[in-house]
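K.L.:
Here is what each chain is made of, one letter per residue.
6 protein chains.
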Amino acid sequence: MPKKVVTFGEVMMRLSPPGYEKFSQASSFELVYGGGEANVAISCAYLGMKAAHVTRFPDNAIGKAATQFLRKHWLSTEHVIYGGDMMGKYFLEKGAVHRPSEVIYEREGSAFSLIEPSMVNWEEVLKDADWFHWTGITPAISDGAAKCCLDAIKTANKLGIMVSGDINSRDNMWKYGKTMQEVIPGLVKNSDVVITSSRGIREMFGLGKPEDNFKDLAKQLIDFFPNVKKVVKKTRRTLSASHHQIQGKLWNGKKYIKTDMLNITHIIDRVGTGDAFAAGLIYGLLHYKDNEAIDFASAACALKHTVPGDVNIVSLDNVISLMQGDTSGAIKR
Amino acid sequence: MPKKVVTFGEVMMRLSPPGYEKFSQASSFELVYGGGEANVAISCAYLGMKAAHVTRFPDNAIGKAATQFLRKHWLSTEHVIYGGDMMGKYFLEKGAVHRPSEVIYEREGSAFSLIEPSMVNWEEVLKDADWFHWTGITPAISDGAAKCCLDAIKTANKLGIMVSGDINSRDNMWKYGKTMQEVIPGLVKNSDVVITSSRGIREMFGLGKPEDNFKDLAKQLIDFFPNVKKVVKKTRRTLSASHHQIQGKLWNGKKYIKTDMLNITHIIDRVGTGDAFAAGLIYGLLHYKDNEAIDFASAACALKHTVPGDVNIVSLDNVISLMQGDTSGAIKR
Amino acid sequence: MPKKVVTFGEVMMRLSPPGYEKFSQASSFELVYGGGEANVAISCAYLGMKAAHVTRFPDNAIGKAATQFLRKHWLSTEHVIYGGDMMGKYFLEKGAVHRPSEVIYEREGSAFSLIEPSMVNWEEVLKDADWFHWTGITPAISDGAAKCCLDAIKTANKLGIMVSGDINSRDNMWKYGKTMQEVIPGLVKNSDVVITSSRGIREMFGLGKPEDNFKDLAKQLIDFFPNVKKVVKKTRRTLSASHHQIQGKLWNGKKYIKTDMLNITHIIDRVGTGDAFAAGLIYGLLHYKDNEAIDFASAACALKHTVPGDVNIVSLDNVISLMQGDTSGAIKR
Amino acid sequence: MPKKVVTFGEVMMRLSPPGYEKFSQASSFELVYGGGEANVAISCAYLGMKAAHVTRFPDNAIGKAATQFLRKHWLSTEHVIYGGDMMGKYFLEKGAVHRPSEVIYEREGSAFSLIEPSMVNWEEVLKDADWFHWTGITPAISDGAAKCCLDAIKTANKLGIMVSGDINSRDNMWKYGKTMQEVIPGLVKNSDVVITSSRGIREMFGLGKPEDNFKDLAKQLIDFFPNVKKVVKKTRRTLSASHHQIQGKLWNGKKYIKTDMLNITHIIDRVGTGDAFAAGLIYGLLHYKDNEAIDFASAACALKHTVPGDVNIVSLDNVISLMQGDTSGAIKR
Amino acid sequence: MPKKVVTFGEVMMRLSPPGYEKFSQASSFELVYGGGEANVAISCAYLGMKAAHVTRFPDNAIGKAATQFLRKHWLSTEHVIYGGDMMGKYFLEKGAVHRPSEVIYEREGSAFSLIEPSMVNWEEVLKDADWFHWTGITPAISDGAAKCCLDAIKTANKLGIMVSGDINSRDNMWKYGKTMQEVIPGLVKNSDVVITSSRGIREMFGLGKPEDNFKDLAKQLIDFFPNVKKVVKKTRRTLSASHHQIQGKLWNGKKYIKTDMLNITHIIDRVGTGDAFAAGLIYGLLHYKDNEAIDFASAACALKHTVPGDVNIVSLDNVISLMQGDTSGAIKR
Amino acid sequence: MPKKVVTFGEVMMRLSPPGYEKFSQASSFELVYGGGEANVAISCAYLGMKAAHVTRFPDNAIGKAATQFLRKHWLSTEHVIYGGDMMGKYFLEKGAVHRPSEVIYEREGSAFSLIEPSMVNWEEVLKDADWFHWTGITPAISDGAAKCCLDAIKTANKLGIMVSGDINSRDNMWKYGKTMQEVIPGLVKNSDVVITSSRGIREMFGLGKPEDNFKDLAKQLIDFFPNVKKVVKKTRRTLSASHHQIQGKLWNGKKYIKTDMLNITHIIDRVGTGDAFAAGLIYGLLHYKDNEAIDFASAACALKHTVPGDVNIVSLDNVISLMQGDTSGAIKR
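Keeping their order, the protein sequence lines are chains W, E, Z, S, F and A.
First residue of the first sequence: 1, per full-length UniProt numbering; consecutive thereafter.
First residue of the second sequence: 1, per full-length UniProt numbering; consecutive thereafter.
First residue of the third sequence: 1, per full-length UniProt numbering; consecutive thereafter.
First residue of the fourth sequence: 1, per full-length UniProt numbering; consecutive thereafter.
First residue of the fifth sequence: 1, per full-length UniProt numbering; consecutive thereafter.
First residue of the sixth sequence: 1, per full-length UniProt numbering; consecutive thereafter.
To be clear, the hints were calculated from the coordinates, so they are not data collected in a lab.
Take these hints with a grain of salt, some might be off.
[As the list claims (entries may be wrong)] Computed list of chain F residues with no C-beta within reach of chain W, every gap over 10 Å:
id: 1; residue: Glu-78
id: 2; residue: Gly-186
id: 3; residue: Thr-235
[To be verified] Just a few of them, taken from the derived set where beta-carbon distance is under 8 Å, the chain E residues facing chain W:
id: 4; residue: Ala-65
id: 5; residue: Gln-68
id: 6; residue: Glu-102
Backbone N, C-alpha and C define an ideal beta-carbon position, used for all residues, glycine too.
Turn these sequences into a full structure, and let the hints steer you where they fit.
P.N.:
Okay, structure coming up:
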């Protein structure tokens with residue numbers, strides 16, 4: 001019986017010029033949908049898990065099409081809420097070598113940003129779930145979204161469901177009157193697994209001395225939030241827009257585990273790689289020991305760099321093969 | 001020396017599934033830009049006039065790309081204002097035969113809707129213009145847009161520039177606290193040419209007895225607004241989404257002129273056909289007598305049904321040829 | 001609570017040259033999936049019903065992609081069976097005016113053709129269904145498919161579920177040793193609603209005198225199979241590959257009902273229009289009286305001619321609007 | 001043993017904006033190749049004949065690609081000559097309804113225009129041919145092309161090969177110092193079959209009284225050129241760019257034959273339809289009696305209007321079916 | 001006078017999602033045709049040789065289109081046989097970096113697999129050939145295909161034509177009751193040039209001691225099959241799906257020759273690179289000494305990695321330039 | 001107030017097969033426009049300068065479309081001249097790794113090549129300019145073009161406008177009776193900034209001893225042409241078609257400055273990179289000191305390798321960021 005993950009967050013329409021065209025060259029946009037949390041759910045589904053996503057879409061053909069995208073990629077969508085007028089959106093121009101990719105968001109006033117706690121019955125949503133995952137983007141969007149997220153976490157705690165949070169957030173996203181320092185700790189408090197970075201731990205919680213490394217900071221985080229069992233990080237070395245290196249790190253309260261560096265020499269699509277890591281981590285922690293789990297997460301993350309779109313739709317076989325060290329990408333017949 | 005037209009209004013990004021795909025089938029969108037007033041300016045430019053458009057776009061690569069679209073289609077864009085975050089947008093699904101085209105708007109909170117009168121120096125903008133054109137959509141968008149529009153009309157009056165208004169508006173667009181009945185008459189009062197319909201005259205101004213036809217109503221409109229010299233209408237017979245018939249009608253205070261019916265048997269793109277009519281009317285009134293002007297306007301309108309996108313980019317030759325009765329579309333080598 | 005329809009049959013990969021290209025011109029194929037019965041289920045889903053489809057796909061990424069197509073278009077796919085090596089396929093070259101569309105099938109040895117009765121638990125599949133629909137194509141494919149179909153019908157009878165059959169079949173499809181005259185009657189015997197044609201009734205069951213019309217033949221069919229309550233036909237007048245006319249006819253044992261002729265002047269995609277009719281009939285009979293049901297079916301059928309692909313994905317609103325006589329296809333904003 | 005046709009003339013690269021885009025909208029061009037005479041050869045090849053084309057292409061990858069296009073469409077290309085720098089070209093913008101298609105030629109200085117009689121060994125080229133076909137375009141291009149064409153005709157006469165000429169030409173094409181009235185008669189003199197129009201006969205040869213109809217003119221043409229056995233014409237009624245009607249007429253010295261009018265209600269590509277007629281005529285005269293031959297030619301012509309590109313690649317079955325009166329375009333499975 | 005190569009084998013339709021899309025993302029397929037032996041023939045044709053391919057296609061528009069693909073790429077196709085119903089097919093999903101390309105075959109029951117020796121007259125086919133090439137795939141497909149292949153080799157021997165075999169085969173392809181060990185040796189016995197690998201020699205013929213290297217094994221192969229004059233191998237180092245290294249090795253009975261390693265840092269299409277090597281070897285052995293021949297083969301192979309599709313369509317100049325050490329890929333104007 | 005640059009030269013239509021297709025595979029061409037000098041003007045415009053380009057296009061829809069391309073990319077086009085029949089053209093096939101890109105020109109007889117000095121009023125054109133830029137391609141095209149170029153330079157001198165020349169030229173372009181050695185020196189004499197190479201200085205002016213390096217040659221050039229203030233060079237190391245390295249070098253009469261080597265590991269489009277360098281140099285010399293100017297030029301050049309098309313449309317921010325050493329291409333949100 002496969003395990004089930006539930007995620008919650010905004011799904012945006014992603015519009016990107018074909019190939020390496022810049023915005024000023026485009027006469028069409030490639031259309032997919034994506035959002036940090038749904039990306040995680042879809043990755044998990046492709047790995048063989050059951051997965052449902054909760055979000056809110058406008059009640060029109062665009063909102064329906066977004067739902068259909070989630071259904072196509074194996075998600076349960078019976079808890080999608082319809083209402084509001086605008087679909088959250090982002091425009092993505094893909095860079096290469098020294099030229100950065102550029103992202104322009106249009107998510108103010110979106111259907112999701114107007115979500116209210118009363119719109120979701122979390123007991124119903126989570127009743128057969130094994131894992132709930134949230135990110136630091138959701139509470140940044142609106143007070144309603146933040147409250148929904150907290151409700152979900154509390155319900156998960158009550159039902160004995162594991163909770164993970166990918167807590168990174170950007171200051172400039174918080175426009176509704178609260179700061180991330182005010183809101184995120186309340187969500188982390190009840191989470192079991194935290195994905196973050198050294199800078200994240202310092203900025204968000206004010207922890208750490210200047211000389212502390214990630215392991216030191218992770219320890220302090222667990223001291224501060226005793227419910228947290230694992231603190232995880234993905235190190236990215238950005239050699240160019242076309243070439244990254246990835247390494248996973250995990251502190252589980254006892255052991256500090258680092259994966260080998262994976263060398264992604266020809267990036268196809270860099271977006272959603274963090275979500276692929278999170279999904280790999282969830283799958284990994286549910287099916288492997290910690291050292292393998294972090295290897296699995298890193299492999300999943302590396303593979304996403306070669307898949308167009310936001311979501312990591314590689315197979316379990318692909319991830320296991322890379323996790324076990326086959327970096328050859330040799331053709332499969 | 002060509003005549004110059006200036007227009008003012010929102011330009012939206014138009015996103016449409018390729019061909020006859022429905023929204024639920026699209027994996028890409030065709031991308032053009034359009035808006036009632038800019039469509040008029042561009043049509044006029046293709047006919048050989050000088051043309052400038054005033055609008056407001058977000059100050060990012062998307063807003064720049066929209067400006068570049070206007071420049072490409074021959075408009076002067078030195079009076080485009082940059083600011084705000086969101087590009088107005090509409091999604092268009094193209095129908096056929098019994099299946100209607102469907103349009104979904106996303107224009108709330110757009111850069112243009114936040115325009116303020118202080119942002120435009122109309123004396124500067126209009127200094128070398130011969131004609132100013134507005135539509136009933138602009139004052140519906142926001143109080144700022146309505147005020148800007150009124151400023152433009154008044155400045156045009158002061159500078160002795162002709163003013164035309166395509167005054168049709170939809171009740172459900174007026175969301176900022178005023179009704180069209182409160183705002184539109186103030187704009188019509190100072191206009192020289194009014195494009196409208198029988199229903200428009202009745203609803204907007206409360207004129208007319210039940211038995212009055214368009215000619216009767218047009219007369220009453222001129223009685224009511226003595227500055228108005230011509231009242232013009234385009235009758236559309238919608239046989240199916242693929243087949244329309246078009247006829248122009250004009251009352252100039254003395255004569256009531258009707259064109260022949262034009263039979264558009266294979267529609268390529270129905271959007272912007274009213275704007276093509278308005279542009280044809282402006283060009284026509286500047287270069288022909290009234291009876292030819294309305295023929296020219298109808299021909300321009302008919303031709304737009306066969307051009308993809310919002311804007312009528314046919315040549316002056318094409319319009320003249322159809323206006324003179326050549327409906328054969330015979331290949332030009 | 002929406003009604004639920006279950007369908008059973010092969011779903012093929014459909015490969016077609018873009019636009020009006022002929023096979024010899026294509027350097028790419030547009031890819032969708034379709035099959036008579038799944039087309040019906042998807043149509044019903046877009047109209048608001050619950051819908052599940054039972055079929056068999058190869059257990060590889062192609063089979064998964066086919067399932068994802070069904071999921072995207074709202075079907076329940078939990079009863080899809082995986083096994084075998086080959087995906088059934090058809091190539092479609094789209095004609096126009098005097099040039100016929102051409103279809104080339106490759107379905108021999110497909111995963112579906114190797115289906116066996118033991119692979120489906122019909123009691124489980126049909127447990128919450130209101131309607132089961134089959135077509136004359138399925139029993140033509142293989143003995144296993146025919147037996148599965150009979151099992152489904154019998155289970156539906158047992159569970160008190162309505163059964164409809166669109167019984168048309170082509171002689172040259174029957175290659176496994178049985179004729180349609182041997183197999184189809186056994187399936188019709190237990191069906192409630194039969195969609196067929198005059199020629200179908202004559203050829204399949206040997207009924208009718210030369211001078212009998214459809215109404216006469218329908219009566220005889222009901223006399224012959226007393227379980228059948230309604231005999232339905234769609235008349236198609238093929239003026240050219242681009243222009244058809246459609247009329248629905250229904251005999252319900254008491255009344256002979258004919259719809260108005262619908263005139264489809266600009267065909268976009270002619271495939272799947274019969275399935276759209278069947279879906280419309282199912283929805284119609286579940287929600288309307290017979291005379292409205294056949295109007296609904298004809299309207300649904302007419303609309304499909306304007307939708308690319310095999311499946312009729314128009315909305316309930318579209319069908320109702322056409323059924324009520326609005327043939328204008330006027331743009332919806 | 002299939003009959004063999006040989007043709008001679010320029011093949012141009014055809015560049016057209018996708019769909020109904022105008023030149024000012026295109027960001028890509030669809031690429032095919034075409035030219036009146038090669039179009040005829042390819043049509044004949046698809047009907048089952050052997051066919052070779054003689055032309056001259058630049059000796060680079062573009063010239064090779066043009067040859068490959070001819071090879072793909074079944075022509076023998078062993079007599080293609082390579083040399084010169086420029087590929088002849090035309091740009092095609094596709095019109096609809098009242099909007100004309102527009103063609104822009106760039107053929108001055110092309111590789112073909114620099115052809116010289118010494119470059120072709122006609123005895124070798126024509127040794128196993130049954131038919132040679134030329135058009136009035138070739139002698140207009142250059143003195144060298146005209147001389148090559150005359151050589152070909154004379155060689156064909158010597159070898160007892162039938163010669164047909166589609167003699168229409170446009171005055172404005174003749175730029176190298178000779179007029180069509182000076183050159184064409186010398187070519188017609190040795191031809192067996194002439195495709196022309198009433199205007200063509202009047203303008204080219206100065207024949208006819210004002211009141212003469214096509215039959216009268218055809219008679220005079222045969223009187224004037226006793227070698228000519230058949231004079232053929234295709235009447236086109238241009239209702240709009242999307243809707244034409246076609247009728248074939250043939251005078252064979254004894255009988256005047258007219259086909260039924262074929263009604264092409266939804267034109268896909270109007271270019272090359274005259275060439276399809278010529279090819280149909282050649283095939284028809286080689287395989288049928290005159291009255292069927294002209295029916296065959298008209299059917300082939302009508303079908304070309306529904307095929308994208310310059311060349312008529314429909315099957316023999318398609319033409320026969322339409323020639324026999326099946327205008328339904330009913331789908332073939 | 002160019003040399004002529006003849007090849008024999010299945011040609012499949014290749015269907016691949018655009019760019020780096022995975023199967024689950026595709027809404028269209030790019031369409032080309034390919035097969036090991038035809039790929040060799042086409043490569044040779046682009047290098048300037050004459051080339052013919054013998055295969056069997058279904059007798060429908062798809063089979064014709066496949067033939068047209070071969071014709072376009074310069075092959076003689078007069079010996080293509082038509083019959084059967086199904087086109088062999090493969091689906092290709094293109095990988096990158098750590099993500100493998102994936103291939104799904106559908107070739108059971110294909111037109112080619114049903115080929116019988118009586119269908120080909122090899123004396124006629126090979127009458128003006130200089131070289132015959134076969135691969136280990138063909139005898140794996142069916143007994144008929146294996147027998148045809150043996151007939152071809154024997155006829156070539158009789159006519160004094162050189163024979164090369166690229167003998168690699170995959171165990172899991174042999175489904176008709178014979179093993180590769182039973183069939184391949186009979187074909188190798190009469191071949192002059194064998195392309196294989198160390199593993200191939202061990203598995204196929206049971207030769208070699210554990211410590212033997214390729215040179216040792218090649219010697220033993222020639223001892224075993226005295227007709228074989230050259231044993232050739234291509235070493236591939238798979239750094240990732242995007243980066244391979246290639247080296248050619250040749251034993252000619254006297255000398256063991258190794259080329260420099262070629263470093264293909266940005267792979268565009270990895271399929272058909274072995275066939276490009278074989279074609280390069282054939283051209284090389286016909287036009288150069290052995291040490292240059294293997295350099296030529298390796299250069300041809302390396303270039304194929306940068307050409308989309310199955311076939312190596314680079315020019316002779318390109319291969320010579322790389323063979324002579326110019327790895328710069330500097331732009332040619 | 002932004003500085004204004006004016007450029008003069010041919011703009012060609014660029015036609016390229018999609019992606020990495022070779023000419024023989026293309027069924028469509030991607031369409032952009034480009035030419036060395038206009039590329040420089042457009043780059044400058046994207047960096048924030050005012051920019052105008054003077055050229056000549058055919059007076060038809062193709063010439064208009066070319067103008068619209070320039071307008072879209074922010075150029076002033078009021079001095080474009082219309083006349084002549086043919087658009088200059090080049091075909092570009094994009095290579096990778098060891099496979100060279102290939103370019104085929106068709107520019108003989110183009111509208112631009114027929115330009116005459118009397119067609120341009122340089123005093124008017126240059127009246128508000130700060131910089132005039134020319135290249136060694138223009139004087140190679142025709143005597144008229146060379147004379148126009150000289151007129152422009154002299155007028156610039158008269159008006160005190162800076163003049164730069166990118167003087168590289170190819171011998172085989174000079175077909176109208178003069179050599180580059182006869183014409184270029186006259187243009188260089190009046191220029192302030194010269195972009196060239198060691199070989200260029202040797203070949204064009206006969207300067208230098210065998211052992212002289214670029215710095216030595218640059219000194220001699222300035223001695224020879226005292227008006228020249230800066231001699232600049234871009235060194236390119238071509239590791240493969242996919243991987244280049246770039247370094248800028250500048251001699252300003254006093255100091256010899258070399259930039260760091262920029263490593264472009266994944267080239268998207270190599271065309272126009274020299275023009276991007278020239279534009280960067282112009283912007284740099286106008287806004288920075290020499291050492292920064294050459295850094296800016298190199299950064300602009302490097303970025304162009306990652307932008308499809310001829311023109312460098314990156315933002316000022318992108319260039320500054322790379323010039324300051326951020327080679328990471330990290331995503332911008």
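K.L.:
Going through the numbered hints above, which ones does this structure break? Give me the numbers in ascending order.
P.N.:
When the structure is compared with the hints, none of them turns out to be violated.
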